[in-house]
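Participant: So you can see what is in the structure, the chains are spelled out below.
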Amino acid sequence: MKTLIFGAGNLLFSDEGFGVHFIQYLQKHYTFPADVTLYDGGTLGIMVSHMLEDADQVFLVDTIEAKGEPGDVYRYEKDDFMLGKLPIKMSPHQIGIQEVLALSEIRDRCPKKITLFGIIPTTYDTGAELSPLLAGKLPGLAELVVAEIAASGTPVEKR
Amino acid sequence: MARITLDPITRIEGHLRIDAEVNGGVVTNAWSSAQMWRGIETILKDRPPQDAWIYAQRFCGVCTTVHAISSIRSVEHALKVDVPLNAQYIRNIIMAQHSVQDHIVHFYHLSALDWVDVVSALKADPKKTAQLAQSISNWPGNSETEFKAVQQKLKSFVETGRLGIFASGYWGHPAMKLPPEANLMAVAHYLSALDYQRKAAQAIAILGGKNPHIQNLCVGGVATAINMENLATLNMEKIAALKTLMAETREFVQQVYYPDMVAIASIYKDWFKYGRGVVNYLAVPEMPEDTKNTKFALPGAIISGGDIKKARIVTNHQDLDLIANIKENVSHAWYEGNGTLHPWDGETKPSYTEFQDNGKYTWCKAPRLDGKPVQVGPPAQLFAAYAGGNEKVRKLVDASCAKIGVGVNDLHSTMGRLGARAIRAHLMADYSLEFLDKLVENVGKGDKVYANPTEIPKGEYKGVGFHEAPRGTLSHWIVIENRKIKNYQAVVPSTWNASPRDDKGVLGPYEASLVGNPVAQADKPLEVLRTIHSFDPCIACAVHTIDPEGKEITNVKVM
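Chains as they are written, first to last, in our numbering: chain V, 1 to 159; chain U, 160 to 718.
In case anyone wonders, no lab produced these hints; they're calculated from the structure. Worth double-checking, as some hints may not be accurate.
No more than 27 Å apart at the CA atoms, straight line, and that leaves these computed lysine-lysine pairs for DSSO-like [what the hints assert, rightly or not]:
id	chain 1	residue 1	chain 2	residue 2
1	U	Lys314	V	Lys78
2	U	Lys402	V	Lys113
3	U	Lys402	U	Lys607
4	U	Lys369	V	Lys28
5	V	Lys158	U	Lys369
6	U	Lys607	U	Lys369
7	U	Lys369	V	Lys2
8	U	Lys312	V	Lys112
Given these sequences and hints, build the entire structure.
Facilitator: Structure, rendered in structure tokens:
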């Protein structure tokens with residue numbers, strides 16, 4: 001089973017880059033088998049659609065807009081966050097992962113199992129570092145994601 | 160009078176707002192507003208100049224490689240570092256492939272649905288669609304079976320109530336003119352285009368080590384080791400893989416994208432009359448063919464008042480007049496004061512007000528060349544190459560115009576910009592393979608050099624890195640002092656095009672292009688989208704958050 005762990009975000013806007021920091025954290029602290037891909041997707045939407053389509057299961061890690069406190073992590077299944085529509089877009093920046101997945105659905109290439117771990121950010125200020133609060137969430141979330149991958153039959157080792 | 164405000168607050172990444180005043184079905188005034196504060200440049204202050212490109216390529220969420228290239232060139236320009244031929248060729252291939260990927264995605268996934276009616280495609284006859292498609296191209300995918308399958312897929316989506324996915328499109332709008340068969344053909348290609356943009360992404364990853372965010376640049380060249388026999392380096396096997404990928408993408412661009420564009424332009428010929436706007440153009444020369452950035456495959460030019468014949472050709476990246484005469488004014492932008500500064504002296508001091516029609520209304524500064532607004536992008540680059548006598552460009556532009564039934568001067572328009580982008584994609588698909596051949600030939604001659612390793616010296620240095628990116632002229636301006644970055648400013652293509660009014664009240668390109676634009680239904684301003692999309696706007700520079708979009712969902716808090 002091909003597993004993709006997709007970290008999204010912009011490293012230059014502090015907590016906005018959480019998904020990318022998360023990928024870097026996994027690379028440093030875990031060893032994954034060959035059928036698991038760790039992917040720093042940056043903020044590219046449609047231009048990385050093939051990465052999503054190639055996987056059997058996807059774990060997305062990104063910041064979310066949701067009710068709650070900064071640092072809260074929410075877990076969504078595919079049906080929870082798939083958009084019902086493709087809104088009008090002014091710029092390719094607006095083609096986000098949700099739209100890309102919708103397009104993949106029409107192409108019959110959308111992976112069946114997509115899990116989104118979304119975290120509520122503290123700040124989007126310019127800066128290449130995470131806020132201390134969100135940085136502190138990396139190890140715990142890594143354990144959660146790794147446990148789910150292990151449960152799907154793919155063992156992951158700690159370095 | 161109606162006032163339209165297009166502000167798609169999707170909260171995913173929407174940050175360009177367009178306001179247009181409509182009188183009697185025609186736009187009479189317009190404002191372009193970037194709704195998000197960036198200030199990314201400040202993050203680079205005091206960092207080592209040789210690292211700037213790594214951060215700079217995160218400026219934009221879409222066009223990462225272009226900022227890497229511009230940034231590294233700014234340091235090389237400041238320190239007068241030569242770039243070995245192999246490195247130039249490798250960078251040229253990356254640039255060309257990035258352009259191809261970008262143009263494919265822009266045409267099909269960002270702008271096509273302004274012209275193509277998805278709902279109408281359901282009514283098409285697949286057999287007639289195949290006949291239409293085969294009359295304009297030999298593409299093997301243009302079969303009745305294929306079109307039938309796509310239509311079936313669409314139908315099943317509708318039957319399960321999921322056409323909702325396209326619900327916000329302007330289907331059935333009076334400005335939609337394509338027959339059902341052309342719509343079905345375009346929708347089929349819209350879906351298959353994703354397979355070809357990926358091939359370009361893969362080609363970039365082979366050369367750049369990673370995509371997005373290439374890893375292979377260094378001041379003075381590339382970090383791509385070249386050894387045709389060594390597995391860990393750029394070798395024959397990787398060259399062969401690159402060749403296959405780039406040839407497949409070229410086939411798609413030249414046999415699908417380009418003919419589709421010609422077909423759509425021929426049916427929407429009236430759109431060569433709209434969207435003229437600012438017809439001063441700037442393009443910088445691109446695709447260097449020597450080590451000093453003085454010889455280029457494509458020339459640049461400065462064009463005033465749309466007069467291509469009187470273009471001033473820009474032949475290199477050291478053009479002192481060009482470097483001296485780019486300035487940015489902040490009269491109508493949310494920054495302190497109303498001054499005009501050269502990018503090397505540029506400031507980024509925010510001063511937010513409300514949206515004021517006659518005051519400050521955007522985060523975008525107003526770049527000016529010799530005090531005038533300028534349009535950048537594929538038309539500028541084609542006009543420059545046309546004026547500079549590039550035979551390849553001349554032939555392609557003339558042949559395209561003849562097929563559509565317009566003249567070169569009709570390209571100053573909404574449809575002209577879309578057409579120019581398709582022509583440029585055609586060109587870049589060729590250049591990709593051409594520069595790969597040149598690379599192989601040069602390495603074959605025994606040249607194995609791919610970098611001139613460079614130490615950053617003490618003292619003060621200023622540099623500018625020019626790059627003709629998919630959206631137009633990009634420049635990064637760096638001031639280095641004692642091995643650290645003292646000042647850094649990026650003047651990006653969308654800053655030129657989305658520019659607000661300046662101190663003299665002169666409109667920027669988006670704004671000017673909308674004046675005179677028709678609007679049949681003020682509550683469905685499809686025509687405004689057509690003209691703005693034709694520039695390929697790229698504003699947000701990447702704030703990115705997933706919003707479960709107000710759906711009734713149960714939040715399951717796990718940490």
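Participant: Holds or violated: are the alpha carbons of Lys402 (chain U) and Lys607 (chain U) at most 27 Å from each other?
Facilitator: 20 Å, holds
Participant: Holds or violated: Lys369 (chain U) and Lys28 (chain V), Cα atoms, limit 27 Å.
Facilitator: 18 Å, holds
Participant: Going straight from one Cα to the other, do Lys369 (chain U) and Lys2 (chain V) come out at no more than 27 Å?
Facilitator: 19 Å, holds
Participant: Are the Cα positions of Lys607 (chain U) and Lys369 (chain U) separated by 27 Å at most?
Facilitator: Holds - the C-alpha atoms of Lys369 (chain U) and Lys607 (chain U) are around 22 Å apart, at most 27 Å.
Participant: With a cut-off of 27 Å on the C-alpha distance, tell me whether Lys314 (chain U) and Lys78 (chain V) pass.
Facilitator: 23 Å, holds
Participant: Take a quick look at whether Lys158 (chain V) and Lys369 (chain U) sit within 27 Å of each other, Cα to Cα.
Facilitator: With Cα atoms ~25 Å apart, Lys158 (chain V) and Lys369 (chain U) stay inside 27 Å; holds.
Participant: Is it true that the CA of Lys312 (chain U) sits at most 27 Å from the CA of Lys112 (chain V)?
Facilitator: Holds. Lys312 (chain U) to Lys112 (chain V) sits at ~18 Å (cutoff 27 Å).
Participant: Given the proposed pairing of Lys402 (chain U) with Lys113 (chain V), does the C-alpha separation stay at or below 27 Å?
Facilitator: 35 Å, violated
Of the hints listed earlier, the one the structure fails to meet is number 2.
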